[in-house]
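> Chain order of the listed sequences is A and B.
In terms of this note's numbering, the first sequence opens at residue 1 and continues consecutively.
In terms of this note's numbering, the second sequence opens at residue 1 and continues consecutively.
It cannot be assumed that every hint is accurate.
To be verified - To give a feel for the contact side, a few chain B residues facing chain A, derived at Cβ under 7 Å:
| no. | residue |
| --- | --- |
| 1 | 13 |
| 2 | 14 |
| 3 | 20 |
| 4 | 114 |
| 5 | 245 |
| 6 | 303 |
| 7 | 307 |
| 8 | 339 |
| 9 | 345 |
What the hints assert, rightly or not - Okay, derived cross-link-like pairs now, DSS-like style, lysine-lysine, Cα gap no bigger than 25 Å in a straight line:
| no. | chain 1 | residue 1 | chain 2 | residue 2 |
| --- | --- | --- | --- | --- |
| 10 | B | 155 | A | 305 |
| 11 | B | 19 | A | 116 |
| 12 | A | 116 | B | 397 |
| 13 | A | 272 | B | 131 |
| 14 | A | 319 | B | 24 |
| 15 | B | 71 | B | 19 |
| 16 | B | 131 | B | 44 |
| 17 | B | 19 | B | 84 |
| 18 | B | 317 | B | 248 |
| 19 | B | 33 | B | 65 |
| 20 | A | 52 | B | 65 |
| 21 | A | 76 | B | 366 |
| 22 | A | 108 | B | 24 |
Unchecked claim - Derived DEER-like restraints, expressed as beta-carbon distance ranges:
| no. | chain 1 | residue 1 | chain 2 | residue 2 | range |
| --- | --- | --- | --- | --- | --- |
| 23 | B | 65 | A | 197 | 37 to 47 Å |
| 24 | A | 194 | B | 428 | 34 to 44 Å |
| 25 | A | 123 | B | 21 | 24 to 34 Å |
| 26 | B | 428 | A | 152 | 50 to 60 Å |
| 27 | A | 194 | B | 139 | 24 to 34 Å |
| 28 | A | 112 | B | 21 | 56 to 66 Å |
| 29 | B | 139 | A | 148 | 32 to 42 Å |
| 30 | A | 140 | B | 349 | 51 to 61 Å |
| 31 | B | 43 | A | 90 | 21 to 31 Å |
| 32 | A | 143 | B | 139 | 25 to 35 Å |
| 33 | B | 26 | A | 86 | 56 to 66 Å |
| 34 | A | 140 | B | 65 | 49 to 59 Å |
Everything labelled a hint here was simulated from the structure, so no lab data went into it.
A quick note: this is a predicted structure, and the numbers were derived from the prediction, not measured.
Glycine included, C-beta positions come from ideal geometry on N, C-alpha and C.
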Amino acid sequence: MGAIFSFFAVIILVLLAFIGVGAANLHFLFGVIIPYAAFVTFTLGIIYRVIKWARSPVPFRIPTTGGQQKSLPWIKQNKLDNPSSTLGVVGRMALEVLFFRSLFRNTKTELREGPKLAHGSDKWLWLAGIAFHWSFLIILLRHIRLFAEPSPFYLYVLESLDGFLQIGAPRLFMTGIILLLAVTYLFLRRLYIPQVRYISLASDYFPLFLILGIAATGILMRYFFKVNVVGVKELTMGLVNFNPKIPQGIDVIFYIHLFLISVLFAYFPFSKLVHMAGVFLSPTRNLANNNRIVRHINPWNYPVKVHTYEEYEDEFRGKMKQSGIPVEKE
Amino acid sequence: MATKAKPPKPEDLSKIDYKPPKTKWMDTPAEFKPGMYCYGTRPKYLEAVDFPNPREWSSSEEDWKLPENWKEIVLEGIKERLSKYRTFHIFMDICVRCGACADKCHFFLGSGDPKNMPVLRAELIRSVYRKYFTGSGKILGKLAGARELTYDVLKEWWYYFYQCTECRRCSLFCPYGIDQAEITIIGRELLNLLGLNTDWIAGPVANCYKKGNHLGLEPHTLKSNIEFMIDDIETITGIRIEPTFNRKGAEILFVTPSGDLFGDPGIYTAMGYLMLFHELGLDYTWSTYASEGGNFGFFTSNEMAKRLHYKIYAEAKRLKVKWILGGECGHMWRLVHQYLDTWHGPADFLEVPVSPVTGTKFENAKSARMVHVAEFAADLIRHGKLKLDPRRNDHLKVTWHDSCNTARGMGILEEPRYIIKNVCNYFYEMPDNTIRERTLCCGSGSGLNAGENMELRMRGGFPRANAVKYVRERYGVNILANMCAIDRAALPPLMDYWVPGVRVAGLHELVGNALVMKGEKERTTDLRLEPLPGKEAKEDV
Ligand code: SF4
Ligand code: SF4
């Protein structure tokens with residue numbers, strides 16, 4: 001249900017851009033206004049979300065510890081999975097954000113005859129996740145070419161690395177292919193693993209289809225339709241220089257691509273995609289496990305009603321004296 | 001009251017169907033299966049600690065006797081907690097439903113019920129959050145995964161938040177560290193706003209508040225329980241130990257869960273402490289007031305947990321000790337480690353703990369000033385301060401169960417292993433993916449080890465038991481050692497059910513067995529008064 005709904009939602013988006021530009025000639029709307037609006041929504045939205053989270057305090061230091069604690073000097077601490085210093089936390093977060101450390105740990109448990117539960121290592125989700133995110137990032141970086149004049153030096157390096165399989169005239173970028181494969185895998189696993197299908201919402205399928213659409217239009221544009229790159233660059237440079245203009249002769253597929261990207265950007269802050277920002281703020285990961293070493297302050301700590309020793313002794317004084325336990329008041 | 005259901009036979013219970021039902025989860029109402037939940041609480045327990053809405057009620061009946069405005073109370077409660085806990089706020093927003101946590105929960109592995117997948121357990125509350133606190137949920141409703149808070153939804157929360165042991169295994173595997181334990185804790189807080197607790201949790205809370213410990217042991221009973229142990233120790237070793245109670249000016253206050261003072265196998269662990277401290281000539285005291293390290297308040301609300309843990313520092317201050325030593329317990333240590341100093345610190349009336357025997361300064365307890373007995377003992381052994389005869393444990397083939405709280409809330413993994421390797425000759429690890437930080441829960445933590453939910457416990461403990469079975473079959477393991485009082489209460493029935501022949505012991509029981517004490521007579525039995533290997537014959541003569 002969710003999958004079908006999301007699929008059609010993306011189709012409708014494609015049609016919107018197709019009709020909007022191809023038939024109704026709304027070039028300025030799709031080429032300038034919507035991209036600007038999306039960018040503003042994205043930026044303000046993310047800032048709003050992060051501020052909102054950050055305003056909720058972290059009352060307790062509750063890292064999930066993934067290895068040996070810091071204790072006696074001769075016991076080897078696991079400094080990355082159970083950090084006790086800021087440096088260790090930075091290391092832990094870097095592993096988490098750049099290499100998906102926790103997912104790397106993933107296991108798959110199966111019930112066999114016996115009954116036996118077998119917990120085997122399972123790296124597929126990690127692999128697809130990392131392939132997807134890294135290729136997405138590289139593709140994003142490659143697109144800086146469209147927003148900077150002259151292109152920064154590192155882009156040439158990136159492009160020659162990415163395109164080292166020199167096939168055909170426009171260099172074949174591996175990241176495009178990897179992204180397509182990874183997204184497809186992520187989609188198929190949602191459909192085929194019964195548990196994952198069971199928990200999936202429309203909002204899980206929608207970004208997948210959206211990204212699939214973006215990648216597909218991108219590839220089509222580059223290798224098959226050969227859009228007018230000079231024109232595209234003119235448009236994008238106009239956008240960054242706040243001097244927007246609509247050059248002639250850009251194929252409608254470009255506008256579809258741009259529109260889907262705009263939707264993705266605008267959708268970002270209001271969806272689960274904010275995990276990109278949230279991962280940095282997760283208190284089970286970004287705190288040092290030095291709870292007994294340094295006192296952590298809870299900003300809303302308040303006094304509570306307790307049962308004091310005096311009250312306790314008042315109740316049990318007789319019994320305490322009888323059994324020879326010292327008391328404060330005779 | 002619900003009927004007490006006997007769990008099905010292991011053969012039947014282990015036929016688990018992991019396929020989710022045909023109907024979508026929002027359209028699949030929670031079915032209250034006897035044996036899978038605890039009795040609702042009696043009013044007297046709630047009254048004892050001024051909890052809201054005390055009343056006679058039963059979770060198996062239609063009407064839960066909620067206040068008129070229950071919905072507002074819950075929604076207001078959510079709002080308040082979103083503003084107080086960044087965890088809660090973030091965990092409501094960033095889950096991508098990747099499912100990595102799904103098969104990490106022992107309750108899902110043991111029941112196949114999809115609502116026991118941590119991600120879905122979280123969605124139970126997240127769906128309501130979306131409906132009332134997010135724009136997309138308000139507008140798109142079900143399509144955005146949002147739903148109304150109804151009476152049935154509330155019941156579903158109750159059923160499933162009391163099917164989570166707050167073990168945090170899911171959190172370890174989640175790419176964002178989303179911790180269902182944290183969500184469960186908050187979910188239970190919300191339920192407690194309406195007086196929706198369980199008897200097995202609220203009872204110990206009331207007891208602990210008034211009498212100092214969960215079991216409600218009064219000062220004289222507590223003392224006499226320990227005296228029974230001392231008699232046994234004398235029988236075994238010929239040495240008479242004389243511990244003190246509530247003694248002012250002692251150097252160290254010792255706090256342990258009351259489970260160690262009552263019933264087996266907990267008492268053997270306590271005998272181990274008594275023997276160890278006596279042998280060292282430690283200047284320490286027990287307290288009848290702070291006679292509980294465990295904290296069932298943690299299973300109701302943060303505030304109640306704080307009210308119960310207050311005693312530890314207060315008593316240390318009254319008795320003017322230098323520092324505090326803590327016994328073997330799981331959630332007690334999660335709270336000591338992660339909360340105590342924040343709640344009741346700074347503990348500047350204490351000193352930074354120094355072992356009077358080895359001179360080691362416990363730098364890792366510099367601020368909280370409370371040391372785990374395994375840290376303390378490992379240091380003693382390392383410095384050669386104990387005379388140990390591991391052969392006395394030769395009748396035991398030992399495996400080690402890392403308690404969830406100390407493993408994933410502290411990371412105390414090597415200390416106990418170091419101790420075991422020094423006091424036992426036969427030690428075998430369970431498979432890698434089931435130990436250390438990946439350890440599997442006993443299935444009865446966080447106040448679930450009642451009698452009426454036996455099926456739930458046997459299901460939840462199935463993955464743990466299964467790993468024990470592996471080492472039992474392979475190496476003939478017959479002892480499952482651990483350092484948690486709930487484990488010592490929960491694991492014996494679990495073993496009897498799934499892996500008969502494996503018994504349960506605390507770490508310091510094994511220490512007590514191996515400890516060679518000055519002036520002891522030749523030992524013929526272990527702490528359980530069972531003959532030592534090679535000594536059976538002598539006994540018979
Ligand atoms: S592993 Fe984390 S992000 Fe993935 S479904 Fe579970 S809670 Fe959500
Ligand atoms: S905290 Fe433990 S019991 Fe609760 S959902 Fe996570 S894995 Fe399951």
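> Of the hints stated earlier, which fail here?
1, 10, 14, 15, 16, 17, 20, 28, 31 and 33
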